[in-house]
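Q: Residue-level listing of the chains:
There are 2 protein chains.
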Amino acid sequence: MRQKEGGVTAAKGFCAAGAEAEIKYKNRMDMALIYSQVPCRVAGTFTSNVVKAAPVLWDKDIVENSPYAQAVVVNSGIANACTGKQGMECCEKEAKCAGELLGIPADSVLVASTGVIGMQIPEDRILQGIRKLAAAKTDTLEAGLDAAKAIMTTDTVHKQIAVETVLGGKTVTLGGMCKGSGMIHPNMCTMLAFITTDANISKKMLQKALSEDIVDTFNMISVDGDTSTNDTLLVLANGLAGNEEITAEGPDYGTFCEALHYVTTYLAKKMAGDGEGATCLFETKVVGAATKEDARLLAKSVICSSLTKAAVFGHDANWGRILCALGYSGARFDPEKVDIYFQGSSGRIHIFGNGTACDYSEEKATKILSDPEVTVLADMHMGDAEATAWGCDLSYEYVKINADYRS
Amino acid sequence: MRQKEGGVTAAKGFCAAGAEAEIKYKNRMDMALIYSQVPCRVAGTFTSNVVKAAPVLWDKDIVENSPYAQAVVVNSGIANACTGKQGMECCEKEAKCAGELLGIPADSVLVASTGVIGMQIPEDRILQGIRKLAAAKTDTLEAGLDAAKAIMTTDTVHKQIAVETVLGGKTVTLGGMCKGSGMIHPNMCTMLAFITTDANISKKMLQKALSEDIVDTFNMISVDGDTSTNDTLLVLANGLAGNEEITAEGPDYGTFCEALHYVTTYLAKKMAGDGEGATCLFETKVVGAATKEDARLLAKSVICSSLTKAAVFGHDANWGRILCALGYSGARFDPEKVDIYFQGSSGRIHIFGNGTACDYSEEKATKILSDPEVTVLADMHMGDAEATAWGCDLSYEYVKINADYRS
Numbered sequence: 000m001r002q003k004e005g006g007v008t009a010a011k012g013f014c015a016a017g018a019e020a021e022i023k024y025k026n027r028m029d030m031a032l033i034y035s036q037v038p039c040r041v042a043g044t045f046t047s048n049v050v051k052a053a054p055v056l057w058d059k060d061i062v063e064n065s066p067y068a069q070a071v072v073v074n075s076g077i078a079n080a081c082t083g084k085q086g087m088e089c090c091e092k093e094a095k096c097a098g099e100l101l102g103i104p105a106d107s108v109l110v111a112s113t114g115v116i117g118m119q120i121p122e123d124r125i126l127q128g129i130r131k132l133a134a135a136k137t138d139t140l141e142a143g144l145d146a147a148k149a150i151m152t153t154d155t156v157h158k159q160i161a162v163e164t165v166l167g168g169k170t171v172t173l174g175g176m177c178k179g180s181g182m183i184h185p186n187m188c189t190m191l192a193f194i195t196t197d198a199n200i201s202k203k204m205l206q207k208a209l210s211e212d213i214v215d216t217f218n219m220i221s222v223d224g225d226t227s228t229n230d231t232l233l234v235l236a237n238g239l240a241g242n243e244e245i246t247a248e249g250p251d252y253g254t255f256c257e258a259l260h261y262v263t264t265y266l267a268k269k270m271a272g273d274g275e276g277a278t279c280l281f282e283t284k285v286v287g288a289a290t291k292e293d294a295r296l297l298a299k300s301v302i303c304s305s306l307t308k309a310a311v312f313g314h315d316a317n318w319g320r321i322l323c324a325l326g327y328s329g330a331r332f333d334p335e336k337v338d339i340y341f342q343g344s345s346g347r348i349h350i351f352g353n354g355t356a357c358d359y360s361e362e363k364a365t366k367i368l369s370d371p372e373v374t375v376l377a378d379m380h381m382g383d384a385e386a387t388a389w390g391c392d393l394s395y396e397y398v399k400i401n402a403d404y405r406s
Numbered sequence: 000m001r002q003k004e005g006g007v008t009a010a011k012g013f014c015a016a017g018a019e020a021e022i023k024y025k026n027r028m029d030m031a032l033i034y035s036q037v038p039c040r041v042a043g044t045f046t047s048n049v050v051k052a053a054p055v056l057w058d059k060d061i062v063e064n065s066p067y068a069q070a071v072v073v074n075s076g077i078a079n080a081c082t083g084k085q086g087m088e089c090c091e092k093e094a095k096c097a098g099e100l101l102g103i104p105a106d107s108v109l110v111a112s113t114g115v116i117g118m119q120i121p122e123d124r125i126l127q128g129i130r131k132l133a134a135a136k137t138d139t140l141e142a143g144l145d146a147a148k149a150i151m152t153t154d155t156v157h158k159q160i161a162v163e164t165v166l167g168g169k170t171v172t173l174g175g176m177c178k179g180s181g182m183i184h185p186n187m188c189t190m191l192a193f194i195t196t197d198a199n200i201s202k203k204m205l206q207k208a209l210s211e212d213i214v215d216t217f218n219m220i221s222v223d224g225d226t227s228t229n230d231t232l233l234v235l236a237n238g239l240a241g242n243e244e245i246t247a248e249g250p251d252y253g254t255f256c257e258a259l260h261y262v263t264t265y266l267a268k269k270m271a272g273d274g275e276g277a278t279c280l281f282e283t284k285v286v287g288a289a290t291k292e293d294a295r296l297l298a299k300s301v302i303c304s305s306l307t308k309a310a311v312f313g314h315d316a317n318w319g320r321i322l323c324a325l326g327y328s329g330a331r332f333d334p335e336k337v338d339i340y341f342q343g344s345s346g347r348i349h350i351f352g353n354g355t356a357c358d359y360s361e362e363k364a365t366k367i368l369s370d371p372e373v374t375v376l377a378d379m380h381m382g383d384a385e386a387t388a389w390g391c392d393l394s395y396e397y398v399k400i401n402a403d404y405r406s
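Protein chains in written order, with numbering that gives the first Met the number 0: chain A, 0 to 406; chain B, 0 to 406.
These are computed hints drawn from the structure, not numbers from a lab. Be aware that a few hints might be false.
[To be verified] Straight line, CA to CA, 25 Å or less: simulated PhoX-like cross-link-like pairs of lysine-lysine:
| id | chain 1 | residue 1 | chain 2 | residue 2 |
| --- | --- | --- | --- | --- |
| 1 | B | Lys59 | A | Lys336 |
| 2 | B | Lys84 | A | Lys336 |
| 3 | B | Lys399 | A | Lys366 |
| 4 | B | Lys207 | A | Lys399 |
| 5 | B | Lys399 | A | Lys363 |
| 6 | B | Lys203 | B | Lys59 |
| 7 | B | Lys207 | B | Lys291 |
| 8 | A | Lys399 | B | Lys366 |
| 9 | B | Lys207 | B | Lys268 |
| 10 | B | Lys399 | A | Lys399 |
| 11 | B | Lys399 | A | Lys23 |
| 12 | B | Lys23 | A | Lys363 |
| 13 | B | Lys291 | A | Lys84 |
| 14 | B | Lys59 | B | Lys25 |
Please read all numbers here as calculations on a predicted model, not as lab measurements.
Produce the complete structure using the sequences and hints provided.
A: Structural data, given as structure tokens:
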């Protein structure tokens, strides 16, 4: 497997486009299209929030009940959440409009929205945007980049990746894009992420690969603990790579999962590191936990702790907050046995062991905490389960962005 | 029942004191003593964090195994958490020193600490502090106030209250004090709170009253979602009011619980409203929930949402975040049925109903959100259970305080 250039148009047969539709933002692209030249198997995971945005309900229905999907229409600016009947009608109109223009059934058009909750999407603008997208779509890498940029809200950088691997002698590509960067605490999936592949894989195995993957990737990131109403992760597989169809577990399925995991891990980490107001990616790796579930709880508890996140922002080695967060995670362990380390590109230091502080250099700790990627390594000495979680620090900028997000 | 002046020295037979011991802070009182002239029944609840500070372990043992307690020694500045064997020995020395000076057994001396995790308490200073406290203790209201001030860390105001009620023809007083204001997300109890009473009540009924009360008071507040290693709530009852001993449920027990609830609610709200960096008390009242547990989950989810807290700080009526937080709370409900209101001293507005936004005035919403106490009222229309939770907004100041708390 190797990483290559591009995003959602890297795999064979996928087109994309970005367009300015003025849904809420002006003078920037705010709509994106992904389109496959042939029908795709589709898998998806969605928010576990009881309050589900209209596009989530629309897509869930397609993922669960349609054999194929062929296009995804996305807008940023307005989330189409808490919008009642009018919101559902908007999804239907979007899919119908795109279906007619692309010559495909409306129920093979997925839709996704991100932005302010509670506002209605202006119908004329979104339909006009779809017309622009349908006219502009191409299979170039630039088109994929346009799409990745168009779905951004408070993100500071676009997020895309592509990888190439070999399945049954055929070169297969996976490409993906996603956006953050607030209301990020995915539960069953993340804000908005789209992955395309030309792999030939059955719908059942595609969904299995995705559902098992997210537990250790998108579900292990958090920016602010708020599980969005719009979390959507879709994978479209059009089979154009020509490999023998993957219909069961085996070496090809394993290779596909490995490539998928590379893509989802990359995108999830990018989303965490570009969390609202973030100045660094904050990673917590737990090893030696009693169970895998304990390892996940422990790692996630640390990256979700507001106090720890604020200390990382201040480059302050206040490790007591880390131990405190491990302690209230819900996992069982013996505080006397835990070893805690800080590590970054500046090095690594042992900070806590034998139930008390180690004799470490505050200066070195501050240096490590000033790195662009800061890692806490916690060895629980309770077993051999591991997990990693990704978040970011808590800065003034996070408060600023969210004190007045709507204006 | 009526509220009266004072705090922990308001009830008969209770003395207190504050002293400067330079545990970590300089030029301010940082140690407090509560002392009863006669032995007290004691009840307590403690942090559910796996990582428990040494004083928590010390006090839990006394509350569970000793028939009586008679004094509490508290310090601020250093939490004596994650301090291993040396930390436990410090508790023992504190209790022994106080016991000798006060002429009571060491195992009737409770200890509590709050401040930085991981540092060792300087032994000479804390013992010197205890000597000052023992010499200074009096039963005046001023002494209670000194104690309430001495236990503060990042609190901006001291927190105390006293109430008077009648049990079996005898006037009974309850007084209390507590401190916040970060790492506040109590689970089984709160940071540090101490309640004294001259009521005559059995140890069993005192613990029952306390354990049942905190579920709807201290356990319903949150400042930052971080459950401390030191959470301690103690109630000392010395029986000097002379009422017939409460040994079972009945009218007297009910009256006692009512007075206790008044004190704990007052202290819990004060703690939430004075959360680190807070500019307002943020209350969420849920009515019409299917079950009491659902009501609690829903109310707490809203006051814990970073995005909602930041919007309250910005006086921005971003109600979508409230609905989102209700949605991921874990409670079941139908989003189409929910009514949401904002209310404050400036009035009340209906903001969400029938699955979409109401036609409300943004100007009025902003006015209400600028009140010193902001309430979200959510009617779930699923049943008749209610609960209220208290938190605060999320401000720049919270980040500032916690980015560099140790220096």
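Q: Work down the list of hints and note, for each, if the structure agrees.
A: Going down the list of hints, with the structure as the test:
no. : hint                : verdict
1   : B:Lys59 x A:Lys336  : 22 Å, holds
2   : B:Lys84 x A:Lys336  : 13 Å, holds
3   : B:Lys399 x A:Lys366 : 19 Å, holds
4   : B:Lys207 x A:Lys399 : 44 Å, violated
5   : B:Lys399 x A:Lys363 : 22 Å, holds
6   : B:Lys203 x B:Lys59  : 15 Å, holds
7   : B:Lys207 x B:Lys291 : 19 Å, holds
8   : A:Lys399 x B:Lys366 : 19 Å, holds
9   : B:Lys207 x B:Lys268 : 22 Å, holds
10  : B:Lys399 x A:Lys399 : 13 Å, holds
11  : B:Lys399 x A:Lys23  : 33 Å, violated
12  : B:Lys23 x A:Lys363  : 23 Å, holds
13  : B:Lys291 x A:Lys84  : 30 Å, violated
14  : B:Lys59 x B:Lys25   : 30 Å, violated
Hint violations for this structure: numbers 4, 11, 13, 14, all remaining hints satisfied.
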